[in-house]
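Participant: Line by line, the protein sequences are chains Z, X, G and U. The first sequence begins at 1 in our numbering and counts up by one. The second sequence begins at 1001 in our numbering and counts up by one. The third sequence begins at 2001 in our numbering and counts up by one. The fourth sequence begins at 3001 in our numbering and counts up by one.
Please keep in mind that the hints were generated in silico from the structure rather than gathered at the bench. Here a beta-carbon is modelled for each residue, glycine too, at the ideal position from N, C-alpha and C. One should not assume that every hint holds.
Unchecked claim - Calculated pairs, DMTMM-like style, for lysine to aspartate or glutamate (alpha carbon to alpha carbon, straight line, at most 25 Å):
id, chain 1, residue 1, chain 2, residue 2
1, Z, Lys-303, Z, Glu-276
2, U, Lys-3118, X, Glu-1312
3, U, Lys-3224, Z, Glu-131
4, G, Lys-2018, U, Glu-3014
5, Z, Lys-18, X, Glu-1022
6, Z, Lys-313, G, Asp-2225
7, X, Lys-1313, U, Asp-3127
8, G, Lys-2261, G, Glu-2026
9, X, Lys-1303, Z, Glu-276
10, G, Lys-2313, Z, Glu-312
11, Z, Lys-330, X, Asp-1025
12, Z, Lys-303, X, Asp-1025
13, X, Lys-1224, G, Asp-2225
14, G, Lys-2224, X, Glu-1131
15, Z, Lys-223, U, Glu-3122
16, U, Lys-3223, U, Asp-3192
17, G, Lys-2303, U, Glu-3026
18, Z, Lys-336, Z, Glu-300
19, U, Lys-3223, Z, Asp-127
20, Z, Lys-118, G, Glu-2312
21, X, Lys-1336, Z, Glu-26
22, G, Lys-2342, G, Glu-2276
23, U, Lys-3045, Z, Asp-340
24, G, Lys-2118, Z, Glu-312
25, Z, Lys-223, U, Glu-3165
26, Z, Lys-313, G, Glu-2131
27, X, Lys-1336, Z, Asp-25
28, X, Lys-1303, Z, Glu-300
29, X, Lys-1224, G, Glu-2131
30, X, Lys-1223, G, Glu-2312
31, G, Lys-2018, U, Glu-3022
32, X, Lys-1046, X, Glu-1258
33, Z, Lys-303, Z, Glu-119
34, U, Lys-3261, G, Glu-2026
What the hints assert, rightly or not - Covered stretches of chain X, as calculated for chain G (at least 3 residues, CB under 8 Å):
id, region
35, 1069–1080
36, 1206–1219
4 protein chains.
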Amino acid sequence: MIRFECDYTEGAHERILKRLLETNDEQTSGYGTDPHCELARAYIKKACDAEPADVHFLVGGTQTNTTVIASILRPHQGVIAAISGHIAVHETGAIEATGHKVLTLTSDDGKIRAEQVKELVEVHWSDATHEHMVQPGMVYISQPTENGTIYSKSELEALSRVCRESGLPLFIDGARLGYALAAEDNDLSLADIARLCDVFYIGGTKIGAMMGEAVVIVNEALKKDFRYHIKQKGGLLAKGRMLGIQFETLFEDGLYFEISKHAVDMAVLLRDVLTEQGIPFQYHSTTNQQFPILPDRLLEELKENYSFSFWEKADETHSAVRFCTSWATKRENVEKLIEDIKRLR
Amino acid sequence: MIRFECDYTEGAHERILKRLLETNDEQTSGYGTDPHCELARAYIKKACDAEPADVHFLVGGTQTNTTVIASILRPHQGVIAAISGHIAVHETGAIEATGHKVLTLTSDDGKIRAEQVKELVEVHWSDATHEHMVQPGMVYISQPTENGTIYSKSELEALSRVCRESGLPLFIDGARLGYALAAEDNDLSLADIARLCDVFYIGGTKIGAMMGEAVVIVNEALKKDFRYHIKQKGGLLAKGRMLGIQFETLFEDGLYFEISKHAVDMAVLLRDVLTEQGIPFQYHSTTNQQFPILPDRLLEELKENYSFSFWEKADETHSAVRFCTSWATKRENVEKLIEDIKRLR
Amino acid sequence: MIRFECDYTEGAHERILKRLLETNDEQTSGYGTDPHCELARAYIKKACDAEPADVHFLVGGTQTNTTVIASILRPHQGVIAAISGHIAVHETGAIEATGHKVLTLTSDDGKIRAEQVKELVEVHWSDATHEHMVQPGMVYISQPTENGTIYSKSELEALSRVCRESGLPLFIDGARLGYALAAEDNDLSLADIARLCDVFYIGGTKIGAMMGEAVVIVNEALKKDFRYHIKQKGGLLAKGRMLGIQFETLFEDGLYFEISKHAVDMAVLLRDVLTEQGIPFQYHSTTNQQFPILPDRLLEELKENYSFSFWEKADETHSAVRFCTSWATKRENVEKLIEDIKRLR
Amino acid sequence: MIRFECDYTEGAHERILKRLLETNDEQTSGYGTDPHCELARAYIKKACDAEPADVHFLVGGTQTNTTVIASILRPHQGVIAAISGHIAVHETGAIEATGHKVLTLTSDDGKIRAEQVKELVEVHWSDATHEHMVQPGMVYISQPTENGTIYSKSELEALSRVCRESGLPLFIDGARLGYALAAEDNDLSLADIARLCDVFYIGGTKIGAMMGEAVVIVNEALKKDFRYHIKQKGGLLAKGRMLGIQFETLFEDGLYFEISKHAVDMAVLLRDVLTEQGIPFQYHSTTNQQFPILPDRLLEELKENYSFSFWEKADETHSAVRFCTSWATKRENVEKLIEDIKRLR
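Make a model of the complete structure from these sequences and hints.
Facilitator: Right under this line is the structure:
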C-alpha cells in the first residue's frame, strides 16, 4: 500500500530524529522555557522578519486553532471563516466547545474574499437588533486552504485592510504553510504574512516534524497571558524542548522550505501529467494537495495499492479524490501512481 | 546545574528513540489507527488484565484530565477531588473551562478518604435545595498523589465501593502511575487498579516517553464516542503512531516497570540518607517525589548547582522543597546531592 | 404610533393581572414549588393529554432553548435546525455559548423536512472520519416557524419517525405555539405534539402573559435533574408562582386558545384583504405573522404611524416586511392599517 | 403557616401591581428600549449620583451574576469570592458553566477582607509557574452578605483600593442591597457604592418587585456590548417594560428605601427580643436575615406553624436557623413568632 491519503503518513525528517538523539541526555527546564525553544524562536522570528513577535510551540492544529481563537474572542463574538474551513468542519466543534460560533462565508475554492468579510460586518452592524446576533470578532483563513489553493499578496492585503478597518484580528492557519510558500504562483513571503495578519502559525506536523505548530503572535494586544491559554487548553507540553528541537532543526538553515518544495514538486508532477491526460481537477491547486476527478471504476482498482481520500461525487460515474504529497513522498511512488492511472483509464 | 525540579528534564528512553528511528519510513494511517497503536493497546490491556477495556493515547496530562472528565459529566455536575489535586490547582482552570466545578475535599497528604466522599454525597442529597448546588458527578484521585503518597489496596477498595454505591465513576490520574507501582509499600497491581476504577491513565511523559498518556476505559458506559472527545479537546495526534510506538516499547517487555523502579530507588536512597541525618519530611513519600524540610540558608546554597521546587514555608527559617527523580536520574547525581546537603548542614 | 413590529408590545391579559392582584398577599414557597405552579402543571398536562410529563416554567425563549438543548446534548454533539431557526440566528450564540454547534439545514419557509434530517445523519455516520465532525445529537424545530408557517401532522409524523429511528430527541420551540394551534390549516392538537416530540414548550410571553414559557418534557430519559439545569442557566425564578399564576389563568378554561385565535383572525384579515389587493407575500403564513411585499415608498410613509419589521429586500423598489398581531391586537387598528395601505398604494 | 424561610414569599408591592394595570394597554417597543425603562434608568442613576453609568434590567440574581462575571473575565481568569458567596455555593455552578473558576477566600461572616485579596493576588503573581493556575480577574462581594452582615465604608474603601491597585474590577451583588442601606450601622450611601466599585446591582426580586435586578455599570471599560451578553445569557426580557415599570415605581419617590427599612425594623425587633431572652445568634446581622441558635426540640415545634431555613448544627441539641423578613412582613406575624419562641423555650 502506497499512501497519499494525507501529509502525515511517515515519521519525522531524519535530521530531526538525529537531533533528538544528540540532545537526549541534556537536562532542561520544562514547558518551553529551555534553550532549544529559545533558539527556535529566534530562527522563526528572523525568518518572519518579525523580531518583536511572540512565538509559542503547540502540539497540533485543532489545539492551536482553539487556543488562539478562544484567547481573542469575547463571549458574544464569533470567528468568520470559509464554510469549508477546518474549524468549521473538521474539529468536532472545538471552537463551539469554547463558546463561540463560527460565522461561515460561502466559498468555492476554500478562500474568502475581502468583500465578503466587509459585507458580513456591515450587515451585522446595520441591523437594529444586532445584539441578538453573534458579533463578528475575528477572521480565520488557512494558507494554503483545505482545497490546496493559496491567497495571493493582493488578496491577502485586501483582507488585511478590511480586517483592520473593522477592528477584526486576522488569524492564518498555516498547518501547511510551507507548501503555500513553495507554490509556483506564490508571491507572499513569511515576512508579508507576518505583516498582514495579527497571528498565524507555521505547521510542523505536516511538514517534517513528528508534531508541533509554531504560533507567531504579531499584534501586541494579543500577546498578553497567552501561556495561560496554552496551559488551560492542554497544549503546554511538559517536555517542551521536543517541539523546540524540531523547529530549531527545521529553521536553522532552511530545511523547512527545502522539504516543502519537494512535496510541492511531487504534487505538481502528478497534476501536470494527469492534466496532459485530459483529467479534470476539482480545484486549481498549486500546493501539495491535488483533487483529480476520476472514474469510480478506476478508483476502485487504485484502492488496492494506494490510499487516498474520497472528496465528493462529481457525477454518476466520477468522483473527486484527494492525493497528498509531503516532505517524505518518494518520486518513484508518484511515478508508479501516474503509470497506474494511465494504465487503468 | 543538576536538575531535580521535576520528572521530565530529559528526553526519552533510548530504546524509544531507537524504535522511532527504525520505524520512521513506514507509512501508516493517522490518528491512532495504525498497527503500532494497536500493538501498544494489546500490551497495555494484557498488563492490566483488562481485555475488554478501550485504550486511547493522548499527548499530555492536563489534556487527558480535561478530556476524560468533560466526557463523563453532565453540565450540572462537578468532579470531587482533593484540594491539592492537579485539576484543582495546576491546570489553569481547564476543568472549569469545560463548564464544571471541582468539588474539593480537604487533604493533608494528597489523598481523599472514602468517608469524605460519602459525606459530601450525603450532604448534597439531603439538602432540600440540592438543585441549587453542583451535583457530585464523579471522583478524581491521583496515584501517586501530588505529594508522593500512594493509596493502599484497602483504601482504594473503600473508595471504589463508595463510588459505586453512589453512582460516581472513579477516575485515576496516573501521570506517575509507574512510580506508585514501584513503591516499597505498594500492594496494588495494574489489574487491581483496572478492576477498582472506571477509567484511569498510565503516564508516559514522566516515565520514559517524550510525551503521551494511555487512557484505559474500563467501564463500558464511558467508552461511547470517546474519540470525538479527544478530537474536540485537541488531543487526537495526527501522527498517532508516535504515541503508539512509545507505549509499545514501554510495555512490550516490562521496560515501564523497570525504569519506574529505578526512579523510586533513587528517591528512596535520597530519603533514607536524609532521614538518617535527622532531616524531617513534609510527607511520607515512597515514590519518586521527596519533600525534605531544609534550612533556607542551605537551600540558597544548593540552588547554585541544583534545581528543585519550593513547596512551602515550614517555619521562619525552614522550607519544604521537592526533589523529583525519574527513569533518567543518574545515581552519581543523587549521591552528589546527598553529599552536598550533608556538607552544607 | 400603532405597533405591529412584534407580538409583545402590550402588557398581559387583564385576567392575569387581576389574578396576580387577588393572590398577591398569599405566602408561598419559592422556585416553582407553590400550589399555583402545581395547578398550572395539572392544567397543562391535561391539555396535552400527557399525564406522565414533567412541566417546568421558565422566563423567556432564549433561556428555554438554551436550557433544554444544553441539558440533552453531550459535549461533542450539535443540534440540527433550520438555517433560519431562532437558535441559529437570533440568540447571540447562546447555544454555542454552552459548547454546542447548531447544524443548519437549508429552508425556504422556516421548516425542515424529515429527509433532510435523514440525509444529514447518514452523511455523518457514513464518513470514515466522523469523529472529526460534530455528531448530530437532537433536532430543533419551531411551531409555528419564524416565517409564520406551520408543520402539518404528516410532516411532523415524518420528522418524528426519522428522529426516533436515528436516536435524536425532537424539541419543538413553541414560543408562538398557540398561534399555530389556531391556524386555519392546522391539523395538530397539543396531544399530537406531545406524542410526536420528546420535549416542547408552550410560549406565554407572546400569548397573553407578561413573561413565561412552559416546558413539557415527555421523554422520560430527558426529565432527570432538569431543575439543576434551569437553576444553572438562570431560569429558576425565585417567585416562581408569578409564572404559575399566569399559566393557571391561561389554561384553566381555554383562555390561551381563545386569545390565540383572536390574533390569528386579525392576521388573516390583514392577509386576505391585501391579497385581494394583489399584494404578494414572502411566505404563505396562516398564523399571526404576515410578510407582505410592499413598495419601499409606501413603507416609508407607513412608518410615520405604524411600527413593523423590515424583513428583506424583494427587488430594487420593494421589500418584504413583517406585521405581527397578538392576543392584544385591536381590530380597529388592523382596519386602519388596511385602509392606509390601500390608500397609499 | 407563617413564612420566614426567605424574602420572596409574597407577590409584589401593591403600587407596582397598580402601575402594571394602569400601563397595561400601552404599546411599547421591547427588550428594555421603552420609556418606562428609560425613566427607571434616570431615577436609578440619580439615586446613585452616577449620571454616566449604564443601567440594565435583568430578571434574577443567578442570571445577573453570571452575565456580569462572564462579560468581564477572559478565559483563563477566575473571580475571587468568599467561600460562602452565592456564586460559590448556590448557583449550581453557573459561573463555572461559563468557563470560570471561583477563587474562594475563607470567611466567618460572609465578608472578605482587603488583605485577603491582596495576599491571593501576590501569591499568584509571585509563583514562578503562575500560568499553570487560574489568574485572579475580578472580585465579587455581596452587600449585605449571605449571613446578613454588611461592609462598612472603610472596609469597602480598603477593598476598592486593593482592587484598583491590582487591576481587578470589583462587583457587588446587591440582591438585598436595600436591606443593607437600611441597616442601623450602615454608613454607605448608594453613591458611595457606585463610586467604590466597578459594577453592582440593585435587587428588586427580594425587595418589592415581582422579579428584576438593576445592573449599574460604573466603569466605562465594562459597558461595551453588555446587551449582547444579556441576550446570550437569556436575560433580555422581551417585555422589558415589566422590569422598567417596577423599578420606576420603586425609585420614583423612595419606595425602595422605605420598604427596605420596614423589613429591617421587623428583623431587628425579632433579634432584639430574642437577644434579651438570652438566645445567641450565629452572626451579628443588622439586616433582614437573622440567624438565632435554638434548641432542636423547640425548632421541631415551631415548624408546625412557621417556615424558616435550617442553617447548620450548633451543637448536639441546638441548630442555627435563618428567619428572613421582607418588605411584606406583617408586624403581627413577627410578634406571634416571638411569643411562640418565648413560650416554647
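Participant: Decide, hint by hint, whether the structure agrees.
Facilitator: We went through each hint and held it up to the structure:
1. Lys-303(Z) / Glu-276(Z): 23 Å, holds
2. Lys-3118(U) / Glu-1312(X): 19 Å, holds
3. Lys-3224(U) / Glu-131(Z): OK: Lys-3224(U) and Glu-131(Z) at ~11 Å, within 25 Å.
4. Lys-2018(G) / Glu-3014(U): The hint holds at about 12 Å.
5. Lys-18(Z) / Glu-1022(X): 12 Å, holds
6. Lys-313(Z) / Asp-2225(G): 45 Å, violated
7. Lys-1313(X) / Asp-3127(U): 13 Å, holds
8. Lys-2261(G) / Glu-2026(G): 33 Å, violated
9. Lys-1303(X) / Glu-276(Z): Not OK: Lys-1303(X) and Glu-276(Z) at ~69 Å, beyond 25 Å, violated.
10. Lys-2313(G) / Glu-312(Z): Measuring from Cα to Cα gives roughly 35 Å; hence the hint is violated.
11. Lys-330(Z) / Asp-1025(X): This hinted pair holds, its Cα atoms lying about 11 Å apart.
12. Lys-303(Z) / Asp-1025(X): 21 Å, holds
13. Lys-1224(X) / Asp-2225(G): 22 Å, holds
14. Lys-2224(G) / Glu-1131(X): Status holds; Cα separation ~11 Å.
15. Lys-223(Z) / Glu-3122(U): 22 Å, holds
16. Lys-3223(U) / Asp-3192(U): 20 Å, holds
17. Lys-2303(G) / Glu-3026(U): Judged against 25 Å, a Cα distance of about 18 Å means the pair holds.
18. Lys-336(Z) / Glu-300(Z): 17 Å, holds
19. Lys-3223(U) / Asp-127(Z): 20 Å, holds
20. Lys-118(Z) / Glu-2312(G): Holds - the C-alpha atoms of Glu-2312(G) and Lys-118(Z) are around 19 Å apart, at most 25 Å.
21. Lys-1336(X) / Glu-26(Z): 18 Å, holds
22. Lys-2342(G) / Glu-2276(G): Holds - the C-alpha atoms of Glu-2276(G) and Lys-2342(G) are around 11 Å apart, at most 25 Å.
23. Lys-3045(U) / Asp-340(Z): 79 Å, violated
24. Lys-2118(G) / Glu-312(Z): Judged against 25 Å, a Cα distance of about 19 Å means the pair holds.
25. Lys-223(Z) / Glu-3165(U): 22 Å, holds
26. Lys-313(Z) / Glu-2131(G): Cα-Cα ~21 Å, so holds.
27. Lys-1336(X) / Asp-25(Z): 18 Å, holds
28. Lys-1303(X) / Glu-300(Z): 66 Å, violated
29. Lys-1224(X) / Glu-2131(G): 11 Å, holds
30. Lys-1223(X) / Glu-2312(G): Not OK: Lys-1223(X) and Glu-2312(G) at ~48 Å, beyond 25 Å, violated.
31. Lys-2018(G) / Glu-3022(U): Between Lys-2018(G) and Glu-3022(U) the Cα gap is close to 12 Å, so the pair holds against 25 Å.
32. Lys-1046(X) / Glu-1258(X): With Cα atoms ~17 Å apart, Lys-1046(X) and Glu-1258(X) stay inside 25 Å; holds.
33. Lys-303(Z) / Glu-119(Z): Judged against 25 Å, a Cα distance of about 44 Å means the pair is violated.
34. Lys-3261(U) / Glu-2026(G): Holds, because 22 Å separates the two Cα atoms, which is no more than 25 Å.
35. 1069–1080: holds (count 5)
36. 1206–1219: Coverage by chain G is violated for the region 1206–1219 of chain X (0 residues, Cβ < 8 Å).
Hint violations for this structure: numbers 6, 8, 9, 10, 23, 28, 30, 33, 36, all remaining hints satisfied.
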